[in-house]
Amino acid sequence: MNQRFNSYIVFLLFKIKTCISLPQSGFSCGVGLDCGNSPYGPCCSQYGYCGNTSDYCNPYLGCQSGCWILNPSTTYIVTSTPSPSATSNFVTSTSESNSGGSNSDLLYKVLVPVILLAVIALIAFLFWKKWQKYQLEQKQREIEQKDRELKLQQDRMTALFDGLQNSRPVIGDNRMVYEEDNNRFEEVYDD
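First residue of the sequence shown? That's 446 in the numbering used here, and the numbers climb one at a time after it.
In case anyone wonders, no lab produced these hints; they're calculated from the structure. Please note that the accuracy of each hint is not assured.
[Said to hold, decoys possible] Calculated pairs, DSSO-like style, for lysine-lysine (alpha carbon to alpha carbon, straight line, at most 27 Å):
no., residue 1, residue 2
1, Lys-578, Lys-591
2, Lys-584, Lys-574
3, Lys-591, Lys-574
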C-alpha cells in the first residue's frame, strides 16, 4: 500500500509540473519567440512582453519584433495597467482594441498552480500521517490482543495447576489416590 501511495504522489507531482509549465507564446516573447499569434498584440517589447502600444512597438524604445511607429495624431490615455517595463506606466491608444501584455497573466499562470501544488501536497501529507497513525494503532491492537491471549493462557494454566493440587490424581491402570486428609497413599487395584 505504501509503494502504491508513493507512486500516486509522484504521478500527481508530474501532472502538476506539466500544468505549471509556462506556455512559449501568448504573453512572452524574445529570442526565438514572436508575438504573431498573441492576443495582446504583434509587438515584442525590450522586456519580452507582447503588446500593441508605442511602449511595445516603437523601435526607438527597444522593440524586438513586429515593430512600427505610432501615428502622432492618435489620442493616447495613460493607464495604470502593467507596462513592458517594471517601473513605468504605458500609454494606450483609444483607437486600439487590445492592451499590452499583463504581468497578472504571469502571476495567474504561475501562482495558481503553485498554490494548487501546495494544497495537494498538504492533503497528501495529512493522508500519509493518518495512514501512519492507522498502521500504528493496528500494531498496538495486535500487541494488546496477544497480551490478552497470553494472560488468558496463564490464567488457565494457573487454574489447572490449582485444580490439580486440590483433586485426587489418577495415574495409570493402578489407581493411586493421594488423600490430603490422611497424608497417605492408597492403591486400588481393579480386578
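Structure-based check of all given hints:
Restraint check: the Cα-Cα separation between Lys-578 and Lys-591 comes to about 20 Å, which is no more than 27 Å; the hinted pair holds. Between Lys-584 and Lys-574 the CA atoms are separated by roughly 15 Å; this keeps the pair inside 27 Å, and the hint holds. Pair hint Lys-591 plus Lys-574 holds up; C-alpha atoms about 26 Å apart against a cutoff of 27 Å.
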